[in-house]
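A.B. asks: Residue-level listing of the chains:
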Amino acid sequence: MQKYSIFNLIKNAFSGHQNWDLAWKDATPKKEYDVVIIGGGGHGLATAYYLAKEHNITNVAIIEKGWLGGGNMGRNTTIIRSNYMYDDNAMFSEFGMDLWRKMSQDLNYNVMFSPRGIINLAHSDAQMNIFTRRGNSMRLNGIDAVLLNREEVKKIIPMADFSDNVRFPIFGGLMQPSAGTARHDAVAWGYARQADSMGVDIIQNCEVTGFDVSSGKINGVRTSRGDIKVKKIGLCVAGSTNILAEKLNMTIPVETHLLQACVSEPVKPVLDKVVTFGAGHFYISQSDKGEMVMGGDLDGYNSYAQRGNLPTLQHVLTEGVAMMPFLSKLKILRTWGGIMDMSMDGSPIIDKTHIEGLYLNCGWCYGGFKATPASGWTFAHTIAQDRVHKLNAGYSLNRFSTGHLLDEKGLGTKTWIS
Amino acid sequence: MLYIKCPHCGMRSQNEFAYGGDASIKRPELNIKISDQDWDNFVYNRKSLRGKHLELWQHLLGCRQWIKVERDTATHEIFKTLKANENI
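Protein chains in written order, with numbering that gives the first Met the number 0: chain Y, 0 to 417; chain B, 0 to 87.
Quick caveat, the hints were computed from the structure, so don't treat them as lab data. These numbers come from a predicted model, not from an experiment. Please note that a few of the clues may not be correct.
Cut-off 25 Å, straight-line C-alpha distance, at most; resulting in silico cross-link-like pairs (DSS-like, lysine-lysine) [to be verified]:
(1) Y/Lys351 to B/Lys46
(2) B/Lys46 to Y/Lys64
(3) Y/Lys246 to B/Lys25
(4) B/Lys46 to Y/Lys246
(5) B/Lys46 to Y/Lys231
(6) Y/Lys153 to Y/Lys328
(7) Y/Lys246 to B/Lys4
Residues on chain Y that point at chain B, a partial pick, calculated with CB under 8 Å [to be verified]:
(8) Ile242
(9) Glu245
(10) Leu247
(11) Asn248
(12) Thr250
(13) Pro252
(14) Val253
(15) Glu254
(16) Pro310
(17) Val387
(18) His388
(19) Ala392
(20) Ser395
(21) Phe399
(22) His403
Here are some, though not all, of the chain Y residues that point toward chain B, as calculated from beta-carbon distances under 8 Å [as the list claims (entries may be wrong)]:
(23) Leu21
(24) Gly116
(25) Ser302
Backbone N, C-alpha and C fix where the C-beta goes; we use that ideal spot for every residue, glycine too.
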């Protein structure tokens, strides 16, 4: 594989950049693989990469119904953070933060990781108490957290509404300085390029039509481009998990919902942090192109539409304007929707299943993008070793029946206050 | 915008409704032996399929009645609405 470097850039400039290698080849499916990963999004690509890199398993195929990174990997708001209180969530996502910091070097691909910090705003004394507790828990787990009072928040984001007559005045906030954003497509492309160079087949436009399961074991997968014999399958299909679970006669604690996001027209640099509104569900950051990237609540009903309805968007942007009044002057440039695999307790599932050789990675709710490297790393470990790693031990499938829920935010499939 | 025909009030916009999830889920009968799996299926496990989906909505900002709606989860087309005690 051609290394991306300043020297190769200069060298290729002489030939008008016509002779670069393809970043990955367009593979056709073979008859048999050691592992098949279903879903060519961030998590699937990362899983294949870490299977090859950490476990030396390279006879791997990634099967993708559409195109690489065309699902939620291309539809998120690129926020990366590890500001969790529960140990299982904190350790998992902080492990991911470490992978994010090294990612550009590791993949030889600039993923434009920008650790600009995230501020969760608090709008009452009670919320400040809760944030103090969460911040302390984070620091005990080795994650950076800073509690800000009203004046400190005002210094960092003076454009927020600090006037006296607002419905939800800003009391302060909890900041994780090491959180940030990254270029989402570059993450998918970087993982794809490295996985491909180590021998992984990336097969696009290939839909899974069924599974070959006998006496509780996976024997193969049927696709629109032929049958493939395989003993181990990893499902990384986010919003399509329920559809594939049905083909496996499984019902899972996941519902498929619709989440919208949008960007405004590009403006000059105004916001150098990720900020979340504490009195509702709204988050905002500014992209390198200058667009304000915004998102919020689910549309609230089961959906596979990948496009949203206006009432929810209006509700979300009303919160945005309440928090930062200048947003009302901006025009919306694009809106889009993605389909979320909403687990019942708001935390993901990375686990083995009752079918031998079938591994499940789903339930990412709103937080799939930031988990890309950690999810890939732990899922690869789970598949290769046929046992969960301690980092994803809490993300078990049976926690719902045993009662060990990870209901950190009290979020799940339902927007309870609606 | 979804428009839902409340069987009690007529056609109204989605803003008046709250969503209540899969209407085909039945609470296990009381006073008989219920396995953990049955409870699991009732509380957590969902099919959530693409296509026709029978679901509960509440006309929260109207007559406040719970109703059943048959809707396509891919196209959002609404085929039929029923009173809560009616079956398809």
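A.B. asks: Once the shortest beta carbon distance from Y/Ser302 to chain B is found, is it less than 8 Å?
C.D. replies: holds (5 Å)
A.B. asks: Taking the least C-beta to C-beta distance, is Y/Val253 closer than 8 Å to chain B?
C.D. replies: holds (7 Å)
A.B. asks: Would the stated hint for Y/Ala392 survive a check requiring a Cβ distance to chain B of less than 8 Å?
C.D. replies: Since the shortest Cβ distance to chain B is 19 Å, the answer is violated.
A.B. asks: With a cut-off of 8 Å on the beta carbons, see whether Y/Leu247 makes it to chain B.
C.D. replies: violated (12 Å)
A.B. asks: Between Y/Lys246 and B/Lys4, is the straight-line Cα distance small enough, at 25 Å or below?
C.D. replies: violated (33 Å)
A.B. asks: With chain B as the partner, please determine if Y/Pro310 meets the hint condition of a C-beta pair closer than 8 Å.
C.D. replies: Interface hint status for Y/Pro310: holds (5 Å vs cutoff 8 Å).
A.B. asks: Is the shortest C-beta separation between Y/Ser395 and chain B less than 8 Å?
C.D. replies: Constraint on Y/Ser395 not satisfied, violated at 13 Å.
A.B. asks: Can the hint on Y/Gly116 be confirmed by a CB-to-CB distance to chain B that is less than 8 Å?
C.D. replies: violated (35 Å)
A.B. asks: Sort out whether Y/Lys231 lies within 25 Å of B/Lys46, counting only the CA atoms.
C.D. replies: Answer holds: B/Lys46 to Y/Lys231 is near 24 Å, not above 25 Å.
A.B. asks: Would you check whether Y/Asn248 satisfies its interface hint, that is, whether its CB is within less than 8 Å of any CB in chain B?
C.D. replies: Hint on Y/Asn248: violated, closest Cβ of chain B at ~11 Å, above 8 Å.
A.B. asks: Under 8 Å is the threshold here; is the Cβ of Y/Phe399 close enough to any Cβ of chain B for the hint to stand?
C.D. replies: holds (4 Å)
A.B. asks: Just to be careful: measuring from the Cβ of Y/Glu245 to every Cβ in chain B, is the smallest value less than 8 Å?
C.D. replies: Result: holds, 6 Å to nearest chain B Cβ.
In summary, the structure is inconsistent with hints 7, 10, 11, 17, 18, 19, 20, 22, 23, 24 from the numbered list given earlier, while agreeing with the others.
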